[in-house]
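Trainee: Residue numbers (the working numbering), protein chains in the order written: chain A, 14 to 439; chain B, 9 to 221.
Among the hints, a few may not be true.
If you want a taste of the chain A side facing chain B, the calculated C-beta under 8 Å gives, among others [to be verified]:
id, residue
1, D21
2, M41
3, R42
4, T50
Rather than coming from a laboratory, the hints here were simulated on the basis of the structure.
All C-beta atoms in this analysis are idealised placements derived from N, C-alpha and C, irrespective of residue type, glycine included.
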Amino acid sequence: MTRLAEADAELIRRHLGREVTPGQHAQMRARLLEATTEPRPGRSKVRGALAFSFAAALACVVWLVVGLRPVTPVTFTVGASELPGSVGRYYAAVAPGNLDFAFSDGSRISVEPGGGARVAEARPIGATVVLERGVAWVQVEPRRTARWLLVAGPYTVEVTGTAFRMSWDPSASRLGVEMEHGSVILTGPGMEQGVRLSGTESFVSESSIRLEPSSARAGSVGTSASAAEADAATAAPTAGPMEPAPAAAPAVKPNGTPPAPAVSSAPPPAPPAAPTWRQLVARGDYQAVLAEADAKGLDVVLQSGSAAELEALSDAARYAGRIAAAERVLRTMRERFPGTASAREAAFLLGRLADESGNASAALGWYERYLQEAPADSLTAEALGRKMQVLQRTGQTEQARSIAERYLERFPEGAYASYATKLLSP
Amino acid sequence: VSFPAKQPVRMNPPKGAVVSLRARAPSPTKDLLEGLVARRPEAVAELFDRYAPAARGMLVRMLGDSADVDDLIQETFLVVVHRASVVQDPDRLRSFVVGVAVRLARNALRKQAVRRWIGLGDVEDLVLQDCPDPVQQERIRHLYRAFDRLDASSRTLLILRDVEGLELTELAEVDRCSLATLKRRLARARKRFAAIVAADPVLKDLSTEEALP
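Full structure from sequences and hints, please.
Mentor: Take a look at the structure:
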């Protein structure tokens with residue numbers, strides 16, 4: 014059984030509380046006095062209020078049960094034998110027939126032989142399906158609030174109620190979408206704002222993931238008929254989706270649909286509504302942050318990550334006990350963002366890490382560096398106090414006493430004031 | 009690195025900022041109790057002056073700070089004034105105030121939990137006073153994240169016992185149960201807390217603070 018340590022209890026007592034000014038206190042007291050002198054509601058009023066409350070509570074319960082009842086996510090079966098499908102599992106379509114995903118809401122996705130897909134997420138009113146490769150026929154039952162997402166590489170197709178054919182060739186980074194009816198919104202590199210496809214329009218991307226001059230087109234949008242014409246004329250990109258496309262195919266937009274914007278060395282967009290690393294750390298999911306960083310490669314992240322990402326990553330590494338990684342991230346922050354508050358605070362935390370691992374000289378170095386860089390900052394008192402402790406602990410009593418004097422001069426009410434006073438007492 | 013110092017932090021708290029119910033005020037007199045029953049303004053004012061600062065601090069620590077604390081304080085003292093006649097012994101007045109505040113805090117915590125469950129509320133970040141050290145900040149935040157995973161009753165019991173320092177007999181009085189029942193409840197709360205803390209990387213070791221020389 015765990016009892017809260019006195020140090021933790023003291024930490025809470027010291028830093029969690031709310032002081033009010035005498036004026037605020039007097040104001041609240043006046044409110045109380047006013048309220049206590051008001052006549053209390055009569056018995057009949059109380060009964061009426063109780064009856065009303067009971068009715069309201071009953072209505073809330075009904076509302077909660079009926080309206081907010083936790084709805085189970087859509088389920089699905091796979092293949093002709095209708096085996097129960099499992100979320101996250103990869104299914105490959107093996108000849109001769111198509112691989113059918115049949116969802117409980119009536120939606121169907123049929124993957125042609127040679128392709129593969131997985132249901133990444135099942136929601137009460139929709140799902141996210143990743144087409145890993147190949148061609149899929151998609152038929153989503155129209156529902157007002159349904160949210161279906163088809164993901165292929167960096168592209169996402171948001172579906173409401175519609176039917177279309179979708180293909181994805183990961184080796185060529187080539188996406189094809191051919192509408193049958195309804196509409197979808199397509200996002201991806203160069204199309205971050207989304208491109209709507211409707212009617213019988215079609216879309217095929219070029220090899221947009223490759224680094225190309227920014228004048229190159231990400232893809233093209235057109236009708237099936239015009240695509241056929243374009244096919245004949247230019248070996249056009251809207252031919253069979255799995256067929257290779259010329260690298261610089263012309264845009265086809267006979268129906269006036271604006272072409273997809275130019276591309277595209279831009280990195281693939283984050284998956285829809287993916288939590289940031291900071292959000293993951295706030296949720297306590299440190300391993301998810303570390304796994305993402307590992308998947309991208311720590312070196313890549315350190316070179317290209319933003320200051321906020323590196324801050325979150327160093328937090329995750331420290332919390333998960335990957336001290337070496339945390340140190341590396343903090344050092345990188347100092348190198349990449351010199352002179353910033355983040356870099357200064359990284360110095361303080363490097364001192365703390367060194368201090369906790371017993372490396373007194375490194376800790377002293379980092380605290381000193383922080384104090385030089387931030388002689389009057391939010392952590393100055395803390396750094397000075399901790400430096401004093403390390404010096405005392407390592408037998409450098411004279412230096413510790415000197416710091417204690419400095420500390421008391423600057424922070425007579427500080428958290429280390431009593432430590433410093435005892436240190437200076439004969 | 010998480011530097012919640014960007015949040016509002018009071019840099020210069022008044023001296024003696026830590027107001028705990030462990031610091032007992034002199035016992036209230038019988039006159040005070042009689043004054044409360046009679047709703048005499050001077051008695052109500054004395055009650056508020058005597059117990060409000062400590063009750064406020066306790067509520068903030070139980071709830072992890074909340075915009076509702078001022079309302080809860082008002083509600084607590086309104087209930088105490090209206091029900092003062094049930095307090096027979098002036099020495100029991102303090103426990104009575106604490107008991108009312110705790111019950112209101114538990115209700116508030118349950119409401120918070122329901123709001124979060126139906127997606128109407130989010131976990132509010134703590135507002136810490138004079139805590140520039142990010143390591144300490146994150147420790148407190150992790151402690152409260154662990155508290156958030158406890159039920160309202162266990163959470164308030166642990167905080168009253170370990171943070172506010174209430175005696176077991178007083179806790180039993182606040183919780184309106186026997187000492188044996190209270191001990192069982194406390195043990196159960198500690199067991200739950202231990203399981204939560206064990207999975208938290210920041211809370212695995214309990215204190216890294218050094219003893220004074």
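Trainee: Confirm or reject each hint.
Mentor: Structure-based check of all given hints:
Taken as an interface hint, D21 of chain A checks out: its beta carbon lies about 6 Å from the nearest beta carbon of chain B, inside 8 Å. Checking M41 of chain A against chain B by beta carbon gives a least distance of about 7 Å; that is within 8 Å, so the hint holds. The criterion of a C-beta within 8 Å of any C-beta in chain B is met by R42 of chain A, whose closest approach is roughly 5 Å, and the hint holds. Residue-level restraint check for T50 of chain A holds (minimum Cβ-Cβ distance to chain B is 7 Å; threshold 8 Å).
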